[in-house]
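Trainee: Read in this note's numbering, the sequence shown has 95 at position 95, and its numbers run on one by one without any break.
None of these hints come from the bench; they were simulated from the model.
Bear in mind that the values here come from a model prediction, so they are computed numbers and not experimental data.
Cβ coordinates follow ideal geometry from the N, Cα and C atoms, glycine included.
Watch out, some of these pointers could steer you wrong.
Cβ pair distances, simulated, as ranges [unchecked claim]:
# : residue 1 : residue 2 : range
1 : Leu143    : Trp111    : 13 to 23 Å
2 : Leu143    : Ala91     : 33 to 43 Å
3 : Phe198    : Gly171    : 23 to 33 Å
4 : Glu28     : Arg173    : 28 to 38 Å
5 : Ala79     : Leu134    : 26 to 36 Å
6 : Glu194    : Pro37     : 31 to 41 Å
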Amino acid sequence: MASVWEQIGRRLEGRIVVLEPLCATHEEGLWRAAQDPRTWRWMSVLAAQSRADFHAWHEDALARAGAELDVPFATLRAAGGEPIGSTRYLALRPEHRSLEIGWTWLDPSAWGTGANVESKLLLLRHAFEQLGCLRVEFKTDELNERSRAALAALPARFEGVHRRHMLVRDGERRDSAWYSVIADEWPEVEANLERRLFRR
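Could you build all of it, start to finish, from the sequences and the hints given here?
Mentor: Here it is, written out as structure tokens:
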């Protein structure tokens, strides 16, 4: 299983987006994609308040990748390769064949285009079919209705709220809503995501 997980950070290609392992060359394009404050409203840090803040976010993501704590990706438009956001695998537990998908953000110009749907399809397919995961989990701010609706539409199962789970955005207390997809549910989730993409 460990040897399979060595392939966790590979390029994932779709029709709408490409997920490319995050590297230093993505930073400038991602900074341009991160300018709309709506992008960061529910993130745990406000990384786009300044260029220095964004650089710190990007460096931290790369450091966590280097320490094998997270696997961050740049989300690129498949047509042209323009950076439009980022996502990552985190909470990696290969011994339990489990991980989390999170830290997902997109330039609002990509909202409603299928970019997030295809990104989730690529990440979930890789997790279940190549990495052999038994469980993939997600968490979001309990008040983030957009994110919660997107997770319910996968469909991921709502597992409850962890109260006062995190301190975010300079000390704001966050209750986190948890969701998951398990291997037995993956065929149904995959079929649903493909239907949603092919309707476009």
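Trainee: Next step is simple, just say for each hint if it's right about the structure.
Mentor: Comparing the hints with the structure gives:
1. Leu143 to Trp111: 13 to 23 Å: holds (18 Å)
2. Leu143 to Ala91: 33 to 43 Å: violated (22 Å)
3. Phe198 to Gly171: 23 to 33 Å: Since the Cβ atoms of phenylalanine 198 and glycine 171 sit about 44 Å apart, the hinted range of 23 to 33 Å is violated.
4. Glu28 to Arg173: 28 to 38 Å: Given a distance of about 34 Å, which is inside 28 to 38 Å, the answer is holds.
5. Ala79 to Leu134: 26 to 36 Å: holds (35 Å)
6. Glu194 to Pro37: 31 to 41 Å: holds (33 Å)
In summary, the structure is inconsistent with hints 2 and 3 from the numbered list given earlier, while agreeing with the others.
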